[in-house]
Amino acid sequence: MPPEVRRGIVIFSCLVTLVAVIWAARMDYVPPAHFSLQNGTDPKTLDPHRATGQPESKIIFELFEGLLRMLPEGSPDPKTGLQPLTPQPGMATSYEVSEDGKTYTFHLRDGLVWTDGTPLTAHDFAWSWQRMLHPATACEYGYLISEVVLADEYHHSIVKVGDRVEVELWDRPGESSGSDANIQHFPRGTMKYGTLRAIIKPDQIVLPDSASDDARESAELDWQESWVYQIDVAPSDGSGNVDWDGPTTPEEFSVSAQVARDDSIQRTHGVMVDFQHFGGAQAVDDQTFVVRLNNAVPYFLNLVAYYPLFPVNRNCIETHGAPLWTKAENIVTNGPYMLQFRRLRDRIRVAKNPDYHNVDSVGMETIDFISLESQNTALNMYETGQIQWAYDLPTSVLEELKDRPDFHSAPKLSIYFYKLNHDVPPLDDIRVRQALSMAINRRQIVEEVSKGGQQPAYSVVPPGIAGYDNADGLHEDVARAKELLAEAGYPGGRGFPKISLLYNTSETHRPIAEVIQQQLQNNLNIKIELKNMEWGSFTETVQMEKYEMARYGWVGDYPDPNTFLDMWVTDNPQSNTNWSNLEYDGLIKAASTELDSTKRMQLLRQAETILANELPVIPIYFYTSAEMAKTNIEGFAPSAQDLHPLQILRYRSETPKE
Amino acid sequence: MNTEANRETLERILVESRNIHGVSLWQDAWNRLRRNPAAMISLTCLVLLAVLAILTPLLPLQSPIDKDLNERRFLPPNLGTVVMGGRPGLKFADGTLTGELDRFNAEIADLAIQLQSTSDPQQRQALAAGIAARIDIEHPFNQMWNELGPVSWWMCQTRVALFGNYAIPSLFGTDKLGRDLLARVFWGARVSLIVGIVATLVSLIIGVSWGAIAGYFGGMIDAAMMRIVDMLYSIPFIFVVIFLVTFLGEDSVKKKLDSIGIDQITIFYMVIGAIYWLTMSRVVRGQVLSLRSEQFIESARTVGASPMRIVFRHLVPNVLGVVIVYLTLTIPSVMLFEAFLSFLGLGVSPPDVSWGLLLNDGVEALSIIKVFWWVVVFPGGALAATLFALNFLGDGIRDALDPRMKNRD
Amino acid sequence: MRDLLGYLLKRAAWMVLTLWAVYTVSFVLMRSVPGNPFSGERSVPPAIERQLKARYNLDAPPLQQYWDYLVGVVTRLDLGWSTRLEDYSVNQVIAEGFPVSATLAIFALVFAILLGVTAGIISAVYRRSTADHVLMFAAVLGIAIPNFVLASLAILLFVFMIQIFPAGGWGTLQQIALPAFCLGLPVAAYIARLSRTGMLEMLTKDHVRTAYAKGLPKRTVILRHVVPGAMLPVVSYLGPAVARVLTGSLVLEKIFALPGMGSHFINAATQRDYTLAMGMVLTYTVLLFVMNTLVDLTYAIIDPRVKLR
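Chains F, R and Y, in that order, give the protein sequences. Residue numbering for the first sequence follows our numbering, starting at 1 and increasing by one per position. Residue numbering for the second sequence follows our numbering, starting at 1 and increasing by one per position. Residue numbering for the third sequence follows our numbering, starting at 1 and increasing by one per position.
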């Protein structure tokens, strides 16, 4: 290569570098929002029916609004600083509850509109609730409204002969009877309604004993798909009006493509109870929404104000499809704020919704939900004024922060505990579990490690639930713990196998696990091996019950002891401890149907006492919130469920004159 | 006769030539290295560090794992006396390690006497097993140190015999759980140094052979070998390591490995070593490429030296300067990589300790509200000083090995 | 010119081969790690899990999955939907994250090269002067301190004590400065050392002595005859430097809360986001391959002894 060319290429590469730098230096500058807050991990989704975590819920509460909305009522508790929040009118102006507590009638406001300008009616709620319950939506909160008539059957696709059912034919857009499913379950295929006459089930294939669990599960599902449903189909027009008294035609349906190859059998996506016409969530007219329950649910209004029951826009979802409808350019919402843009792992910007019914009460013009995982970074950004509210603070400086006026701390309705796997030998012995629990010095953990003012927990229901008297558990008692361990056959810890303690990777969990490791070593000579895993693998390992001891936390979904107790009944998918106690199951069941509030609370208390004595989980502490919010913000107060309605926040100087 | 004389002459010449050989390259280099003060100081420091790291259990340090939450959290560096086993939470007899040891040994001795007096073989066996289990489980050392190997165990015993309950005060302060940082830095050095050395050795062996062979043979061999390196280069290895960490952490895999006596950590660091050879091989190849047309290689070839001999005898020593520079960059890289993994929560798991883990803890404690400077300065200083020394030593060795430097200074 | 074209074609073929190998290896590794992407906090009923798996084609036999995804990538450049970030396809994630990472990397690299080469030349030319000692000390320091420690110290210093930079976030040049500095500094330190070594090596070469003997001014000799040769090790280091910057950005993106690809990379791998993880690996592979090819080209251009092959 001649030298000139070589020199040319050197110059060329310098030019390229220059261009690259200029390209890199063009920044799409975004002016900071009116109000910015730390929002933890980047939200997974903005779909109210798909979201589960805290970061998602904070945003969804602002973008959408349900019939009711949790808003502050009265002034904060002087002792704890907790601001009581109650369900207050949102999309509904008023509601009535029937005598037996089983029927709720909600009256919607006049003139409600979505952000695309279309009117919002009770039908939107009926449709949204149906979408939430539809199995293909895979909403993880479906169980919350299992007491709504037919909701549980619909959610779990349970049908019985004689039920009035809906049948969705295999003709969603882009489907032919032999094709794969279109995963967009809205808009639905052609709907037929009728009465289920019979289900013809072929013989189940018997698998050899050597078959794996996966193979078994798969065979079971295949078998279920091959069922043929015989239905007397009632005449209906295209828009879902059914003439139930009209002449019926018997037809046959099946999910399996093989079975449906026969012309007389139509392929369907599934046969489910007709929730749309007979379920407990019905729009009587545009302004009236009626909910019917199987049993009274004392906390039902709280549920109505919870985001999975918020309405979503049918037209938007049917046009754009499931994940795409939440894109900033597509999404249609109805809350105090509307989505402006979303930058992955950076921020979600929302702006005041001018069409919101109570737009005057909305304080901040724009809000940034900043995705921030590192505690130190959040604190740094708070201190430099880049965010105005930080909720996850580094523990090493909590003591210094505590005395500042912008620090807020209050008990939360949530608990930190260790799950024990009862399938692993020494842990199936109640004496061992009690010994482990009694050898842990919780006070030391909350005072010297977590340091956020947490309360030591000896049982699972956090204090502060109105009308509930907490059960007391086994307190620390090293001498008794040693005795118990000896009784169980491990005097002085001899012969006790090494057990592992699993926690998800976090700056908070490791020191606690390390201290518990030391306490058990010191007090009982029991060796604990620490294992950490990233959240995804962690939950998987726990769910597959491949752990011995595992850290866990639980935040109450609603302010009632039941949310902390019902997951420990036998075979609950969220228990994962293999613990089973029939008396406990009975008490929880009795409580769920008990109408008298006092009696119900007593039943729950009895259940909790069993739990605190049997210790399928070792409670460690009840969380408290530790948050920093700038002092010039008005309306900020901690609440037990860790809910913070953002539309009531405003800067002090900007308070409208009254 | 004539042939006999010839042979004698030949032998004489051979002997002479052997004697003429004189100062070897390495001897020469060593002489020159000795005249380089920075390198010699670094070498001394590194040797000292290695010795101290090996002998850590012997030193009168505090326990690296005992957490004194009530009184000793975040103590700045101080000279306050610390008694081994003095923390009330340990409930040691007399509040000392030796007191507890005496008590424990007395108990064991009682059992031993019982063992002597029993004659029933079955009972004897049970008793003996009981004693072994008690030593294994209840020995006070378990409270002070984590999972000592036999050698470390012996060293700890010697340490207690020598120094009793004396422990060096917390000269480096304590961390957020009240553990002595000085002890942790020393125990951490063991892990960090082993990681650095093992991984680098692996990378050295693979990298140099690969690069030299590819560079010397050139042509198809070179192309194929270097394309393989290119391929590996383009793989984001951090991914592989993350996968391996999760995969090897799986219980079934772990048990299988344990049964063949392979530590999960060992494999893990071998993997790091196997990743770091790429640069080494490229650099060596580059050097060899420009060296192989030099005259001394030509002459070696003309006298009929085998290719392997040329590569390892003539080429490798000549690229050694650059190799050593890279070596001094690789050990730090590996040690930093360990720190990086600890930052992501994928490094060693407590109660084991490494410098990376200490630094990660230190950084967590570094915030604007309050700066616990000692938590980051001492582990950071230890790491930086080690890497510093490695760098200076590397520079020194390079200068010393460079024949062109022979008649300078 | 023809060998250049031939060379590039050959490299492209190698890249395809590499990508295929990387794809295969990542596929096998990801499937061999326990766990699936739908392990949420609450259990999902089996029928629904089946639907979800069908949605992401995880119900097909592994070989079929392997093939289907490969076809999607090759024919449509479609990396599929992320299983964790539901609202995003992998292509969108990369499209959003890439400019951020690229910007950061470009600034860090340019900064590192400028600083490193300058420092290297100065300390070689003024060997054994105070400047040499100070620069080399600084260079060793740059190598010896992990970048997360460096970043934390830099935040204390530049954000709180001197208050010239914001603590984190993305959007202005000010916000890039600090992370780019922390990312570039260790690389600059390496480059400084390498270029110093190279310079010293070149200064003893015959042609340099000849140039001096001819009476050329020192400046000319150094810029014309020493620096180009001395840059060889630096150029060959640029490939690893890119890799290093990309790896380092994982840490810095975390500390400075930057929305780049690095944080996706870690999360995708550890959360079993198969599709995103795969997309990230392939993207990084292409990136590294292209950079390495460029580096080799440059190497061949600067050093006439090396032939492209």
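Hints listed in this document are in silico derivations from the structure and should not be mistaken for laboratory results. Everything numeric in this text was worked out from a predicted model, so none of it was measured. Take the hints with a grain of salt, since some may be wrong.
Between beta-carbon pairs, the in silico distance windows are [claimed, not checked]:
1) Leu55/R <-> Leu4/Y: 43 to 51 Å
2) Asp110/R <-> Asn613/F: 35 to 43 Å
3) Ala224/R <-> Glu4/F: 33 to 41 Å
4) Gly495/F <-> Phe137/Y: 56 to 64 Å
5) Gln174/Y <-> Arg34/R: 32 to 40 Å
6) Pro405/F <-> Gln174/Y: 23 to 31 Å
Some chain R residues close to chain Y (C-beta under 10 Å, calculated; not the full set) [unchecked claim]:
7) Asn70
8) Phe74
9) Phe296
Result set (DSSO-like, lysine-lysine): computed pairs, CA atoms no more than 27 Å apart in a straight line [claimed, not checked]:
10) Lys527/F <-> Lys91/R
11) Lys53/Y <-> Lys327/F
12) Lys527/F <-> Lys370/R
Here a beta-carbon is modelled for each residue, glycine too, at the ideal position from N, C-alpha and C.
Exercise. Under the criterion that the straight-line Cα-Cα distance not exceed 27 Å, is the pair Lys53/Y, Lys327/F satisfied?
Worked result: With Cα atoms ~23 Å apart, Lys53/Y and Lys327/F stay inside 27 Å; holds.
For this session: For the pair we were handed, Lys527/F and Lys91/R, check the Cα-Cα distance against 27 Å.
Result: holds, 17 Å
Exercise. Is the interface hint for Phe296/R satisfied, with its Cβ closer than 10 Å to some Cβ of chain Y?
Worked result: It is violated, given that the least Cβ distance between Phe296/R and chain Y is near 16 Å, above 10 Å.
Problem set entry | Range hint 43 to 51 Å (beta carbons of Leu55/R and Leu4/Y) holds or violated | Violated, at about 59 Å.
For this session: May I ask you to test the hint 32 to 40 Å on the CB atoms belonging to Gln174/Y and Arg34/R?
Result: Violated: the Cβ-Cβ distance is about 51 Å, outside 32 to 40 Å.
Problem set entry | Range hint 56 to 64 Å (beta carbons of Gly495/F and Phe137/Y) holds or violated | Check passed, 57 Å falls within 56 to 64 Å.
Problem set entry | Pairwise beta carbon distance, Ala224/R to Glu4/F, judged against the given window 33 to 41 Å | holds, 34 Å
Exercise. Okay, Pro405/F versus Gln174/Y on CB: inside 23 to 31 Å?
Worked result: holds, 29 Å
Problem set entry | Status of the given 35 to 43 Å range, CB of Asn613/F versus CB of Asp110/R | holds, 37 Å
Problem set entry | chain Y contact restraint for Phe74/R - C-beta distance below 10 Å | violated, 17 Å
Exercise. Any CB of chain Y closer than 10 Å to the CB of Asn70/R?
Worked result: violated, 28 Å
For this session: For the pair supplied as a hint, Lys527/F and Lys370/R, confirm whether the alpha-carbon distance does not exceed 27 Å.
Result: Distance of about 35 Å is beyond 27 Å: violated.
Hints 1, 5, 7, 8, 9 and 12, counting from the list given before, are not met by this structure.
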